[in-house]
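Peer 1: Sequence:
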Amino acid sequence: MPPNEHRTIDFFAEDALPAPRTTPAEAELIAAQSLGINAHAEPLGSQQDANFLLRDGNGTVLAVLKIANPAFGPLEIEAQDTAADLIASAHPDLRVATVLRHPDGTPRGTTVDTETGPALARLLRHLSGGALSGPRHLSPNAVAAMGTIAAKVSTALRELRHPGLDRVLQWDLRHADRVVARLAGHIDEPERRAAVQDATADAWARVQEVATALPKQAVHLDLTDDNLIRRPDSRLPVPDGVIDFGDLTTSWAVSELAVSLSSVLHHDGIEPHHVLPAVRAFHAVRPLSAEEAEALWPLVVLRAACLVVSGRHQAAVDADNTYAKAALDREWRIFEQAVSLPLPVMTRLVRNAIAHADAPVAADVPELPLLRGIAADHIAVLDLSTDSDSMDGGAWLDTDAEETHSAAALANGAAATATRYAQARLSRAAALSTVSGPTVPTGVDVRLGRAAVLQAPGAGKVLAARAGFVEITHGRLVLTVSFPTGAPVVAAGAMVRAGDDLVHLPAGSRARFALRTSGSPDVPPLVRPEYAAGWLPLTADPAPLLGLAPTDRAERTDLLERRSAVFATVQEHYYATPPRIERGWRHHLLSTEGRSYLDIVNNVTPLGHAHPRVEQTAARQLRRLNTNSRFHYASVVEFTERLAALLPDPLDTVFLVNSGSEAVDLGLRLAIGASGQPGVVAMREAYHGWTYASDAVSTSLQDNPNALATRPSWVHTVDSPNSYRGRHRGADAARYAPEAVAAIDELAIAGRPAGAFVSETFYGNAGGVALPDGYLAEVYAAVRRHGGLAVADEVQAGYGRLGHWFWGFEQQEVVPDIVCVAKAMGNGYPLGAVITSRSVADRYREQGYFFSSTGGSPVSSVVGLTVLDTLRDEDLQGNAVRVGRRLKSRLQALADRHPLIGTIHGSGLYLGLELVRDRATLEPATEETAELCDRMLDLGVIVQPTGDHLNILKIKPPLCIDTTAADFFADTLDLALTQLGHAG
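Residue numbers (my numbering): 1 to 984.
These are calculated hints, taken from the structure and not from any lab test.
There's no promise every hint is true.
Here are the simulated EDC-like pairs of lysine to aspartate or glutamate, each with C-alpha atoms no more than 20 Å apart in a straight line [as the list claims (entries may be wrong)]: (1) Lys216 <-> Asp166; (2) Lys325 <-> Asp15; (3) Lys461 <-> Asp522; (4) Lys461 <-> Glu367; (5) Lys152 <-> Asp81; (6) Lys216 <-> Glu159; (7) Lys152 <-> Asp226; (8) Lys325 <-> Glu336; (9) Lys461 <-> Glu471; (10) Lys152 <-> Asp93; (11) Lys325 <-> Glu189; (12) Lys325 <-> Asp188; (13) Lys152 <-> Asp85; (14) Lys461 <-> Asp364; (15) Lys461 <-> Asp500; (16) Lys216 <-> Glu291; (17) Lys216 <-> Asp177; (18) Lys461 <-> Asp501; (19) Lys216 <-> Asp10.
Could you build all of it, start to finish, from the sequences and the hints given here?
Peer 2: Below is the structure:
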């Protein structure tokens, strides 16, 4: 008996919608007898239908067999097939699970009998790649792609009209209140049931306020992580495919986006703010109206509530449906995340994301100041921001930083102190935390140096009054005052006039003043920066009530655009959306939002950021003299003596420059000048700098994709002696040196002997790979045999970073002819050096003279001395041994849990963690590495990729890093790899 051709589903007229009970054998019979396909059937999960993947005898996928729920009639199925074809036609870039058709265009389908009645079965196109479903963390790119697909589907279906869309579905959010009311009884836990019912009531009421203005159209209504299919050619989960049109209906158009957003919320590490890329992407393709933006998050909550009650209901009526039961925990997590912030907060966050943010709320001008007897010019306003001098010297780490700053101001004569509204407080930053701390204040904190009376700033009503708390109306707003000690002198319900006493506060009292809009939820004293754009529009700056100027909240969000407009684009920045870093301390970097990041990449500052000895030394010298090294002063002599003393004989003569690029450039000129031979031999896959000469010998493909093809004729390259992924691996790496020697000999035989061989002494660009034992000894001997010199690039490896060796060449048990140094020398101050023998240095005079305006200046010299003193006094080379050993051991242990980790290179605090897709083939995990770095940033760690394949995490933190921070890095890396699905 065929299904009724004209009926459509009405969920509320059905007792239940269990999925058809069809076995794989029965599916194979249906496919063979009714659809002409002989195939093996594999069951696929579904809540209300029966789906099977059909493969031929060779395992090749032929199609998907979909047996619709018997409750769905032919009109509905026809509408679904029509919608799929429409989307596929409108957006060829999307893959769509369309129905397979006969040559005459009719669908390849049939009617089959099930135990609950006749059902429609048809063959659908199979989309390879797999769904986004599962707990894996979704990157911002993946989330944005979901929003883009939802928008494209919405635009494609906007004009679709079909009688099969006239359905009453439990998933149609226009019926969410009825669905929850009908099914909430299936939630056994009373607290959870009440939470779902209360959230539904609140969300439903808010949607109804704008419901009449919400456009309606045909919607897929199930563009979730289960039904969005990954691009098969993408290493990362980025969707381009759409399946399962079973929930197609007419509903509010914005529901399409709400459904997609809700499905993101259960993924590992996802919070509500992580869905905003999808909101922006949707809006870019299909703009949201003001009413739709207002309704969006309430609809997300309603979707979450419907998932919870429907899941419990389906599990109860369809006991054998493992797909439905498996979803129960993730459905509850979706609900928890959806309601984790008040609806007004999330709504304003959404509006801000699409540039529909509310204008800041301003309080009415008070008739009288809140504090009687304390003039505004006697109130010291505390700056606790990242830019504040009071945060210098690591003061932000002191739990009493705010108290200390306030007490100092009071001791200097201030009658009171006040903090700033909406200005992120670095004093509240959480160091070494995977989650940002609440740093953005929603009010003003005041401490009194003398007794004062809190008076009504204008006419109002006392809404609440109890020990330590009073709340009154102030125009359209509500003023809240909290104070740890004392009691108000007014009662709740009383009307007050300007100047009426509210609270008598003794000297030393602390009070918090906050203004919020009437009817808004309770606002925390401090909120996390990711959600500040949602909370702050519900508040106003109370500073004017104290007679103070309001906080300047004019945000300069165009800083990156301004940078791009005037800064050469080849000078790239880390991350697509970088945090704004304006302060560092030791191994921490600090953003203007008060977020603390562990710095794992900054080998420029071996002593740590903002080291006070360096700062004090530089400031002292700048107050006295800074000029060029042609003048006679002591510091340049003392510094060069100290530097030369760190090197073995005959390296006793120093040139001072400003950078590593200049140092290598000069080192090459010295070698060529001394040898009289212009040719240079360099190792492939290395980076030495940006000047003409240092760039010429740089062959890193990431720094220059055409590096090998564009080398000048005087540069000759030898194989990268990478014992992990090079041509010769493991014990065979011993072959690199003889091959390099042969190449050097061949140049000499051809009458073009090399004047220099240049290399890093520890292979930095490859991630801190040690050169094969004896490599430099053999190669140095060969180049010298033909009259050339050995140039050691110690720009990255030198200055104790390797731990066991101060210089990288010490690990190879050689002495170069020329050593090039920079980076660590100045702890961030531009300083570089070339050290060689007197005989080599004197030959340079034959080429002219050498002068660097600021190389060896008084400031650079005293800074250089201070760095050497501090390295010694704080035993930072020893710290590199101790912490580096522990960190490398932790990372090696992670390799047992995460197959993506191929190996850990390096020594001391010069490490590289190489990520590969296959430990046998060593296929570089380039995309995975980039995604991991982005995830680590979100978790509070700054780490970046290196290597020709950008698949190595470069681990070169300040040498002051301690074991606590090293463990945090290892733990966070473990967490990120697990969240991204790489745990074995």
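Peer 1: When the hints from earlier in the document are held up against this structure, which numbers fail?
Peer 2: none
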